[in-house]
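Colleague: So the sequences go chain by chain: A and B.
Sequential numbering from 1 applies to the first sequence in the numbering used here.
Sequential numbering from 1001 applies to the second sequence in the numbering used here.
None of these hints come from the bench; they were simulated from the model.
Some hints here could point you the wrong way.
Partial selection, computed: residues in chain B whose CB lies under 7 angstroms from chain A [what the hints assert, rightly or not]: (1) Glu1147; (2) Gln1151; (3) Pro1157; (4) Trp1161; (5) Leu1162.
Which residues of chain B face chain A? A few of them, derived with a C-beta cut under 7 angstroms, are [stated by the list, open to error]: (6) His1018; (7) Gln1038; (8) Trp1152; (9) Tyr1298.
All C-beta atoms, glycine included, are put in the ideal place defined by N, C-alpha and C.
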Amino acid sequence: MHHLINKQNDEWQLVSQEDSEQQKIEWQDAESWQPGQALRLPVDAELDPQWGQASVIGIDFPALTDGRGLSLAVLLRTRLNYSGDLRGLGAVHEDILHFMVRCGFSSFELPESRDPNVALNCIAPHKQYYQSSVVDPLNHFDRV
Amino acid sequence: MYQYTEFDRSFIEERVNHYREQTTRYLNGQLSEDEFLQLRLRNGLYLQRLAPMLRVAIPYGTLSSQQLFALGKVAREYDRGYGHLSTRQNMQFNWPELAEVPDILADMAKVDLHAIQTSGSCIRNVTTDHFAGAAADETIDPRPYCEIIRQWSTNHPEFEWLPRKFKIAVTGAAEDRAAIGVHDVGLRVYRDDKGDVQFDVYAGGGLGRTPVLGALVRSELPIEHLLTYLEALMRVYNRYGRRDNKYKARIKILVRAMGVDGFRAKVDEEWAHSKGGPGTLPEAEITRVEAFFAPPGYSQQPEVGDALAEHRLANPKFSQWLQHNVTEHKAPGYAAVTLSTKATGVPPGDVSDTQIDAVAQWAADYSFSEVRISHEQNFVLPHVPKQHLFELWQKAQAQNLATANARLITDMICCPGGDYCSLANAKSIPVAEALQERFDDYDFQYDLGELNLNISGCMNACGHHHVGHIGILGVDKKGSEFYQISLGGHAGHSELAPSLGQIVGPSIPRAEVCDVIAKILEIYVDLRLEDESFLGCFKRVGIAPFKERVYAPSH
Ligand code: HEM
Ligand code: SF4
Chain A
1 MHHLINKQND EWQLVSQEDS EQQKIEWQDA ESWQPGQALR LPVDAELDPQ
51 WGQASVIGID FPALTDGRGL SLAVLLRTRL NYSGDLRGLG AVHEDILHFM
101 VRCGFSSFEL PESRDPNVAL NCIAPHKQYY QSSVVDPLNH FDRV
Chain B
1001 MYQYTEFDRS FIEERVNHYR EQTTRYLNGQ LSEDEFLQLR LRNGLYLQRL
1051 APMLRVAIPY GTLSSQQLFA LGKVAREYDR GYGHLSTRQN MQFNWPELAE
1101 VPDILADMAK VDLHAIQTSG SCIRNVTTDH FAGAAADETI DPRPYCEIIR
1151 QWSTNHPEFE WLPRKFKIAV TGAAEDRAAI GVHDVGLRVY RDDKGDVQFD
1201 VYAGGGLGRT PVLGALVRSE LPIEHLLTYL EALMRVYNRY GRRDNKYKAR
1251 IKILVRAMGV DGFRAKVDEE WAHSKGGPGT LPEAEITRVE AFFAPPGYSQ
1301 QPEVGDALAE HRLANPKFSQ WLQHNVTEHK APGYAAVTLS TKATGVPPGD
1351 VSDTQIDAVA QWAADYSFSE VRISHEQNFV LPHVPKQHLF ELWQKAQAQN
1401 LATANARLIT DMICCPGGDY CSLANAKSIP VAEALQERFD DYDFQYDLGE
1451 LNLNISGCMN ACGHHHVGHI GILGVDKKGS EFYQISLGGH AGHSELAPSL
1501 GQIVGPSIPR AEVCDVIAKI LEIYVDLRLE DESFLGCFKR VGIAPFKERV
1551 YAPSH
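Just chain B, with the same shape it has in the complex (with noise of 0.2 angstroms):
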């Protein structure tokens, strides 16, 4: 992974340093709650109401072990033992202090870690796909090239005011784990006929109370004009957008008002004016970050596949575990893990201290030292030989990490909601939780298939419902909590184009949802062909049949 180098270091301690003193004046008055939550904000402090939050920023999702550590620390010296992955492969802390929060900054420092820019109307934290340099799939390591964004966006001059917020995330696999369909910016990397590095650039994605997915603006960008192309885009974006209403200030009203093709019209004329110019990327700038994320060590694995095989039989949640939560590697006698958070009875993300220290060990046992986050608040552990599956398995058991329900019905995606967030429409952890319940029968999930289930409190969408292949959505019906179903959402996780959800009727109250949600899965069940998942049988059959049949009276 990428190394700080003394300049990083002190630019960061630069910062917490200028955070400090801004605190300070903040405390004694010389900065009204207005700019200070300005300022506060691009150093990730939320003040909700009901619960403060520090958002640390994880650069594309990987930590080392040293750093996930430093966390654990966090979360125990100043949360209540508890940490939270976010759907940007963040990590959250609640409650802390605001006057503490410099001293949380300092201590991160000292592990190469930092909240800039996590949030605000800025560009912000760049995300990829958790299984980057690992996945078999991948025809690319599109971290290399986040790290380049990381750096360039990191204090940029001109776009730290943005008329709102602003999202890059690259894909390099063939699968779309990273959802570049619904960013601001989504960059999917690859190498011409000719082993070039080139990008296609998608711009005006998004979701919140607008969904759209990104439009291709340029193809076949070489990877050294990737910053002043960028630069071009963002002009356009900090000049034009939307500032008088901040419902329509993100890129994808821009890109709609000024259609795709104005818009791709407009940043190639600004982009024809700084093409090549200072901000082009010399080719020893992109080697010298690429040596950073060359392979670990891999070495000689032994066959384990009898061994393997055996302890499946010996345990089947062993067997079930390695079915959902084990990944196809590229390197041979290697896996990626998936430790799931979505234990029935936890809110999905949340992990305590002891939890996050015990993958921060594991990860030093097992996977040189790294580990990622995913966007769907997971811990991924990427590279651990297949030999020692078993033990991390019987290990992640003790810790409640060893749930196998990656990217089962169970494996969902759920904001804050109203226990958390006074924005919030309705409560989504509780509704998890009954869902978690009801369907915790592992046959039953293991037979539905890969299934996403996405909650989110109001149409901000942080829980991401837009794209949940089942999206659920609190509403608020005359003061009183109800949930909207929609269905046939994903965010391009397969090689299906990404897609947004459609509503299936009537919202409904909590009471309900359990229910209405086993119906329409007894509807699937029903109409699959065989081994049609959840996705692939919507995409064929459309609404209509759920439509009719979910509201239907039951006989």
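If we strip away everything but chain A, and leave its shape as in the complex, we get (with noise of 0.2 angstroms):
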């Protein structure tokens, strides 16, 4: 099991076991997906245009210091316009939150050997950031 972290109403949130085990997903892989279906891609993928029809996403990284996760994320959304669920797979960790937001990710499953009390204290560590980004994309220069 995992800890489910999403957004309700504007805000972080801790999914309750229970709420969590009933939303559980068939995720499928890239191969095997069909549009409708949630799908779960390894941090290489390269882009496939049907993607933007997925009913959820999940990227699953390796470890916490793999950042292609994020690219691939940023990509999603800019690039397909992939407007759904995106959420974070595999070694999510409570220090990298704050990045996966700001790449537009909307969900994680958090190992359960994590704190999910902590990693909801670092998910917004700042409260404005130096650059444009996925979830602001206003000109970032609009900040001075």
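Mind assembling these two chains? They're in different frames, but the hints should get you there.
Modeller: Here it is as structure tokens:
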């Protein structure tokens, strides 16, 4: 089992184990996936325009240090204009969440061994950031 | 120089708090060694067996007097009274207590300093010409663009977890003092015929085990597209750079594997989607940042030629110092001064807290409160009125910071080597000391002219031996310390294209290093044409005469 974190009414929240089990997802790998199904991608996936029609997309991180999934997320959001739920899977780490959020992730499966309260605590360590991003594509220079 | 806004200030405060919280979790056992390693590296903290080290970011090597005073205080209170100037224009402290690092960072945040991204596989602190804004040969001041890159790369959400570290350097002068050819990305900034700011972008340079010179991947990139282009380039690297082998993970290996044309095409394809998009720099932002780097309030300076000439006659050492450590300035009556840390007997780049305080005070008194750190590991006071040079020299002498050797053989770059570093094959500091002693004689050095000698204790090349006119590399030969000598490297400190050194012959034990270097110098003196520099001579005659004669049995 894992801890499911998602956004409800604009607030990050921990989904209860019960709800999380009810919402259990049948992930499909890219080879077997059909439009309308849940798609699980490895971090080195090359874009397929059809993926915009997934019900949910998960990106499976092999290690906390592997940033490829961040670029892939940005591409799904900006190149395919995918607007559905984008979920971090695998080696999701509490200290990477804030980067993932700004690359377009909207939910996370935090491994069971991690503390979800710590994760919620450090999901937004900064009020504002230096650069424009997928979630804040407004020109960041508006900040100043 | 750049002044922090409310936003910059609260950002680094938040960063300190986050790091403090990470440290607490580590100490409570909620983060493993490996997890915390990744987090602390991105905050500049190395835990070496022999010497834990905190690397403080000095953005493009520029500090205010007040910031330098604060660093002096860190040296005093947390280190053992020392700081170390690094080859990437940063300042390092040894032996910080892990649990105290958040306090050090909080102290530094009060003067707008931090250690963000000074290590780890992310975009590192951007570097530039230490004479930026002052040098007479400058076409454009690179600092505003460094600052724009600093802001863009700070906690960039997509590029914090790259295959390997990523270093960007920028130059805006005829002579490339930022060594852009040996960086992951090197930028040459200039104005086109219409006066618009543009960049030539080089990618894939680097030293380390596989030294490579960067290749030109885009020329005439207009300033407004700087960030979207860099973003496209970084994305290609982030996605396709190797992650299976850390020795093959730098962008240089990717550029080589794809071919320069293949790499360029891939970046262009990526860029086509984002060019003109949200990251495009608005004119107002460019002007806003440029305004911070307006020239300080230079004033009309008295003519001091005669007075200086008198001091020169009376003080030969002052005269030598003027010749080597004082550089032509853009503004009439001003000069840029190099305060050499390479006095005989002192490890290159090491400075005491008293020296740090003294330099901070001189910056306030003589240089519009500005100081630079050069990648040769010296301090620079960028804007000193010539009328104060003698006074400054006297003070610098008293602090052992007036050695007249800038760019001469004893102005060496040297890594910490076997005395401090657990990766070393051999010690490097004792070699530097022995060479300094051997060649201490000013007339001898002066006669040799410009000569960079760089020493690394192993092939990680922290001492940049590949780009030394003379390079010394520590190697391990059956468990004992040996040294390999290379010749003819240079990082672009001239209008010549940068080049990597060539090995002159078999490696030698430490006891022979001084003699072999002396021999090399003798051969050079013998072969040079009038006024020909070591590098110029080497370029003309090649490695062969050195190979032949260095190891020839002496009679
Ligand atoms: C005690 C400690 C040190 C250790 C263990 C260490 C380790 C390393 C390693 C492993 C690399 C190779 C990175 C690669 O393969 O890309 C490297 C590169 C480098 N180090 Fe160090 N280092 C130490 C101290 C220093 C110091 C004190 C300086 C500055 C004076 C320095 C400056 C550099 C530079 C400039 C490079 C980059 C070379 C390049 O661009 O490829 N290092 N270091
Ligand atoms: S070059 Fe080698 S010996 Fe020197 S500091 Fe770097 S890793 Fe250590």
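Colleague: Compare the structure with each hint and give your call.
Modeller: Against the structure, the hints come out as follows:
For Glu1147(B), the interface hint is violated, since its Cβ never comes within 7 angstroms of a Cβ in chain A; the closest pair sits about 11 angstroms apart. Checking Gln1151(B) against chain A by beta carbon gives a least distance of about 5 angstroms; that is within 7 angstroms, so the hint holds. Checking Pro1157(B) against chain A by beta carbon gives a least distance of about 4 angstroms; that is within 7 angstroms, so the hint holds. For Trp1161(B), the shortest C-beta to C-beta distance to chain A is roughly 3 angstroms, which falls under 7 angstroms, so the interface hint holds.
For Leu1162(B), the interface hint holds, the least distance from its beta-carbon to any beta-carbon of chain A being 6 angstroms, beneath 7 angstroms. With a least beta-carbon distance of about 4 angstroms to chain A, the hint placing His1018(B) at the interface is held under the 7 angstroms criterion. Given the 7 angstroms rule on beta carbons, the hint for Gln1038(B) holds: about 6 angstroms separates it from the nearest Cβ of chain A. Interface restraint check for Trp1152(B): the shortest CB-CB distance to chain A comes to about 5 angstroms, inside 7 angstroms, so the restraint holds.
Hint status for Tyr1298(B) relative to chain A: violated, with the closest Cβ pair at about 28 angstroms, above 7 angstroms.
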